[in-house]
Amino acid sequence: METKKLNKVDLIFEHVDPRVILTKAFKMSNDDIINEVIESGLKGRGGAGFPTGMKWKFAAGEKSKEKYIVCNADEGEPGTFKDREILDRVAYKVYSGMAIAGKAIGAKKGVVYLRAEYKFLIPQLMMELDGFHTLIKDIGYNFQIEYKLGSGAYICGEESALFESIEGYRGEPRNKPPYPTQNGLFGKPTVINNVETLVNIVIIVNYGSAKYKSHGTRFSTGAKVFSVSGDTPNPGIYELELGMSVLEFVNEFGDGDTKAVQVGGASGLCVPRKLFASTIIGFEGVPTGGSVKLFNSTRSMYNVLHNYLDFFNEESCGNCTPCRVGCQQLLLGVEAVKKGDMKSSYLNELAKLADTMKVASKCGLGQSVGNAFNSILENFREEIIY
Amino acid sequence: MINLTINSKPVSVPEGSTVLKAAEKLNIHIPTLCNHDDLCVVGNCRVCVVEQKGARALIASCAHPATEGMEILTNSLKVRNARKHIVELLLSEHRADCTKCYRNQNCELQTLANAYSYGDHLFINLIKDHEIMIDQTSASIVKDDSKCIRCQRCVRTCAELQKVSALAVSGKGCNQKISTFHDRPLSHVVCTNCGQCIIRCPTGALTEKTQIEQVWDAIYNQGKHVVVQTAPAVRVALGEDLGYDPGERVTGKLVTALRQIGFDSVLDTDFSADLTIMEEGTELLTRLKKVLVDGDKETALPLFTSCSPGWIKFIEHKKPGLIPHLSTCKSPQQMFGVLAKTYYAGKRKLNPADIVSVSIMPCTAKKFEANRPEMRASGYKDVDFVLTTRELAIMIRQSGIDFRALETDNYDSIMGTSTGAGVIFGATGGVMEAALRTAYEIVTGKEVPFKDLNIVPVRGLEGVKEASLKIEGCKKEWAFLEGVELQVAIAHGLTNADKLISKVVSGEASYHFIEIMACPGGCIGGGGQPIPTNNTIRQKRVDAIYAEDMEMKLRKSHDNPEIIAVYKDFLGEPNSHKAHELLHTQYIERIRN
Amino acid sequence: MYQIDNLVKDLVKQHGRAREALMPILQGVVAQHNYLTDEAMVEVAKELDLSAAEVYGTASFYTFLDTEPRGKYVIRVCKTITCAMKGKNEIIEVLQEMLRINVGETTLNDKFTILETNCIGWCHKAPAILINDTPYTDLTREKLVKIIKEYMHQ
Chain Z
1071 METKKLNKVD LIFEHVDPRV ILTKAFKMSN DDIINEVIES GLKGRGGAGF
1121 PTGMKWKFAA GEKSKEKYIV CNADEGEPGT FKDREILDRV AYKVYSGMAI
1171 AGKAIGAKKG VVYLRAEYKF LIPQLMMELD GFHTLIKDIG YNFQIEYKLG
1221 SGAYICGEES ALFESIEGYR GEPRNKPPYP TQNGLFGKPT VINNVETLVN
1271 IVIIVNYGSA KYKSHGTRFS TGAKVFSVSG DTPNPGIYEL ELGMSVLEFV
1321 NEFGDGDTKA VQVGGASGLC VPRKLFASTI IGFEGVPTGG SVKLFNSTRS
1371 MYNVLHNYLD FFNEESCGNC TPCRVGCQQL LLGVEAVKKG DMKSSYLNEL
1421 AKLADTMKVA SKCGLGQSVG NAFNSILENF REEIIY
Chain R
6 MINLTINSKP VSVPEGSTVL KAAEKLNIHI PTLCNHDDLC VVGNCRVCVV
56 EQKGARALIA SCAHPATEGM EILTNSLKVR NARKHIVELL LSEHRADCTK
106 CYRNQNCELQ TLANAYSYGD HLFINLIKDH EIMIDQTSAS IVKDDSKCIR
156 CQRCVRTCAE LQKVSALAVS GKGCNQKIST FHDRPLSHVV CTNCGQCIIR
206 CPTGALTEKT QIEQVWDAIY NQGKHVVVQT APAVRVALGE DLGYDPGERV
256 TGKLVTALRQ IGFDSVLDTD FSADLTIMEE GTELLTRLKK VLVDGDKETA
306 LPLFTSCSPG WIKFIEHKKP GLIPHLSTCK SPQQMFGVLA KTYYAGKRKL
356 NPADIVSVSI MPCTAKKFEA NRPEMRASGY KDVDFVLTTR ELAIMIRQSG
406 IDFRALETDN YDSIMGTSTG AGVIFGATGG VMEAALRTAY EIVTGKEVPF
456 KDLNIVPVRG LEGVKEASLK IEGCKKEWAF LEGVELQVAI AHGLTNADKL
506 ISKVVSGEAS YHFIEIMACP GGCIGGGGQP IPTNNTIRQK RVDAIYAEDM
556 EMKLRKSHDN PEIIAVYKDF LGEPNSHKAH ELLHTQYIER IRN
Chain G
8 MYQIDNLVKD LVKQHGRARE ALMPILQGVV AQHNYLTDEA MVEVAKELDL
58 SAAEVYGTAS FYTFLDTEPR GKYVIRVCKT ITCAMKGKNE IIEVLQEMLR
108 INVGETTLND KFTILETNCI GWCHKAPAIL INDTPYTDLT REKLVKIIKE
158 YMHQ
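Protein chains in written order, with my numbering: chain Z, 1071 to 1456; chain R, 6 to 598; chain G, 8 to 161.
Hints in this document: simulated from the structure, not taken from any laboratory. Quick caveat: nothing in here was measured; it's all calculated off a predicted structure. Among the clues, some could well be false.
[Said to hold, decoys possible] Quick list of in silico lysine-lysine cross-link-like pairs, DSS-like style, CA-CA up to 30 Å:
#, chain 1, residue 1, chain 2, residue 2
1, Z, Lys1413, Z, Lys1344
2, G, Lys79, Z, Lys1218
3, R, Lys89, Z, Lys1413
4, R, Lys504, Z, Lys1258
Produce the complete structure using the sequences and hints provided.
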């Protein structure tokens, strides 16, 4: 497998002139824009990694007078804080990505769904948005963006739950199909992209897909903003080329005593030391929305797992059985084994339950609880039991 | 058409069909829980997951559309494991106290557990005994969250069919539950007591507040004379709880069973349904006269029927401004109740204090209605106890009665004679039809101009029905109605009712008379009826009601000799002072939360 | 002192009566009143032609739409993994000592409420808290004491 050395780049936060980018995109045909995005190989930066260009193509193909571009700024994955940083520093690039998307698929309305925890950013963001609206009107775009605020629900980062929330309901995921590109916000064809994905559009329009692809690997093109935290001397935001091994990462950010790395937050995978070298950070290995957390040998992986399970237990929407009850059973189950109330072999039943949750849950939340659970259990079973 | 295979068997279904429907076509059984034919699809219980070849995750067959070329497996290892886990998970959050449960042996979760869980008790029991809270505050409905499996059928019923939303999903994750406004007691929220949630609850989380024991106590109390009345819709549904197919009429056996149970007098709500027609028909004609002749601005038209206590409470909570439109007539149950302790007591020379009046109803809201403070015009509680059709079936089983082997028998008299007009009260449109049969004849002296008296336009399960009837050849005293097109409308299910009255309020439509039943299908689909109830079953019960009507010797309320007698001997005229005192009531505005 | 029904009416004027107005209206009530009183939820239900249970059901889904009494300053302490690793417990201890209430409680003068919350997106500057909308990060005992004292004097 193709692996990359750790390489810091500066594309996301680099200052560009939005007028130049937006004018360039405005002159391109919609098909050209979409093809350029497809060609770039860009995959969604929120974590699920769906090819962005394809999403746009599907939405562009829908016949509807009303379409929406939704920016998913409901960044809630534990360990992820890059979208806040992006909005804080280069919101104009997010807006630009939305306007370009709007032009490409024929949408006139954009909505940014911002998590309540980032409400403090609103005054600054709204000010920038006013300027942006003036700019795009001047260039010729017919596109308006508005903000909607979340109110503290991790599940609203799931796209259809996010729509439900905007529409004024409990943020419970919908059944799919239909997918958002057919039947999204208010039942209209909708492209929903993560904050960072939209900034990548600006990079692609600016440099072209060929240059864009020169970063990363075949399956994981481009660079990615990483949110680094945990046992590291240098926590923070880093923009790195995709395709490096966990080992490369640990060598750069570790404190010399790293025993495990959680890639992709609570819904991601736990990589133990023995797998550092052979695990690639990217869509061919462990995908991530950007969260990388390092744990050193002073940490109890039981506590880590317990913390994650407690999180899911509260943040599951509760709608479907596998996730609602499954999360409770996993949490109570590890507690019972730890206390000695259940035999350690009960962990095997729980691992099977986690597998069921992966295949039978309604949405991505329930389907990913098993990732952390099974990867921590597989590699740190003793810590769970004793 | 969409072509797919299920368990390697090819099947074609129309576009838009779900995988579940495709499987049904092949007679392949896929278990379901949250799915219900009357309600929108939510796909949340996940019991119906199946494997789609090539897909990583399983799909919920109730919610997933069938697509061309799909290969579905309903019984693969992956499906079996998941299904078993899901059933086990549901059992872990459910207080599986089956032998003591009201829904024992008629519980969809129990059925699934029997089929899939083999008593493994795989997971930790999530029910903490000290946290069990059972809401017994409502006169009609008991809510026990410890048995709730969050399928949300009740929430959907309350919202989609009834537009009430007394119940909603609250909280999230491990705290998700079904609750009233801020967890207030059911007796203190907008609940209409219709019980439609009960007949859709797959477990014992929502049940009627039973009064079986109180009724047994009364029966065994030698000093008490216990009269029982049976509502029209009971006789066409009771059989379902006793092993009969839907649509079987068991009227004669019902009478015998009640006698064997020990009721002192077995009487019929159909009698007081006929009485209701006399009172309500007269009220309608009086209101028409006031509006058309006197130009009275105070008199409200259209007149709304008032037989359905769920509907009454809906108006009281949600549209109190429309209260003047409600007929002041008590429901047949309450007319019967008040007469039992006045007229009947007098005729039978009984002290009303010694009479216990029991009613068998297809309805849970009737329990609340009987408790209303207005319902004591006899000087006593007019109806002491209300049992649902289901509760009666339990009493019959408790008595060891071999129902099938029973001889048929006739109701006692007085207050046991009725007409076909009384019977059809049980189906949506029935009150309207019965009222027209009588009112038309009062006004014109002729029978309604429909073959065999069957006013077909007001029948059927369509949500909102409209009809008009031109009044011709009026008697002298009703000349002001000559040539009037009487406009009527009928709705069943409160969502339909809400739609209909919204049209009236907005002025989009105008009618003289509107019949509303809170429950889909009318009383035959009532919240106290056997479980399950669905559209097919409702239709069979409706058919049975009209068959019963056709077999009656008398089919018009005003022909009922006992009705003629009660006016002659006791009440005087319809809408007389005495009738008003005993048979009419008033309504109050209630909170909207 | 404003009336809650007037507040709701103003918010309805601003956001409309469609279902999508529900969240902004509830958020507006919380911003003014710290939490959703029963009265406010009933009023919102009336204005939007919903049942009160539906309003409550929606509100109770969202952590920041509190339906229980809250103080003027709601302190939300992040309890998710990095903050837990970097001293969340000490943060709680300091807050409990200073305000003399436990997590989930509100001071008698209705000024402060302490709550735990899930990841608020400041893992690289853990431990972190939110006081109403404002984040405070890289907290130490000393820093926190200073911050809370300032709020106490406000």
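Each hint tested on the structure:
Of the pairs offered as hints, the one joining Z/Lys1413 and Z/Lys1344 holds, with about 28 Å between alpha carbons and a cut-off of 30 Å not exceeded. The hinted pair formed by G/Lys79 and Z/Lys1218 meets the criterion: a straight-line CA distance of about 24 Å does not exceed 30 Å. About 21 Å separates the Cα atoms of R/Lys89 and Z/Lys1413, which keeps this hinted pair within 30 Å; it holds. Taken as a hint, the R/Lys504 and Z/Lys1258 pair is honoured in the structure, with Cα atoms around 26 Å apart against an allowance of 30 Å.
When each numbered hint is compared with the structure, no violation occurs for any of them.
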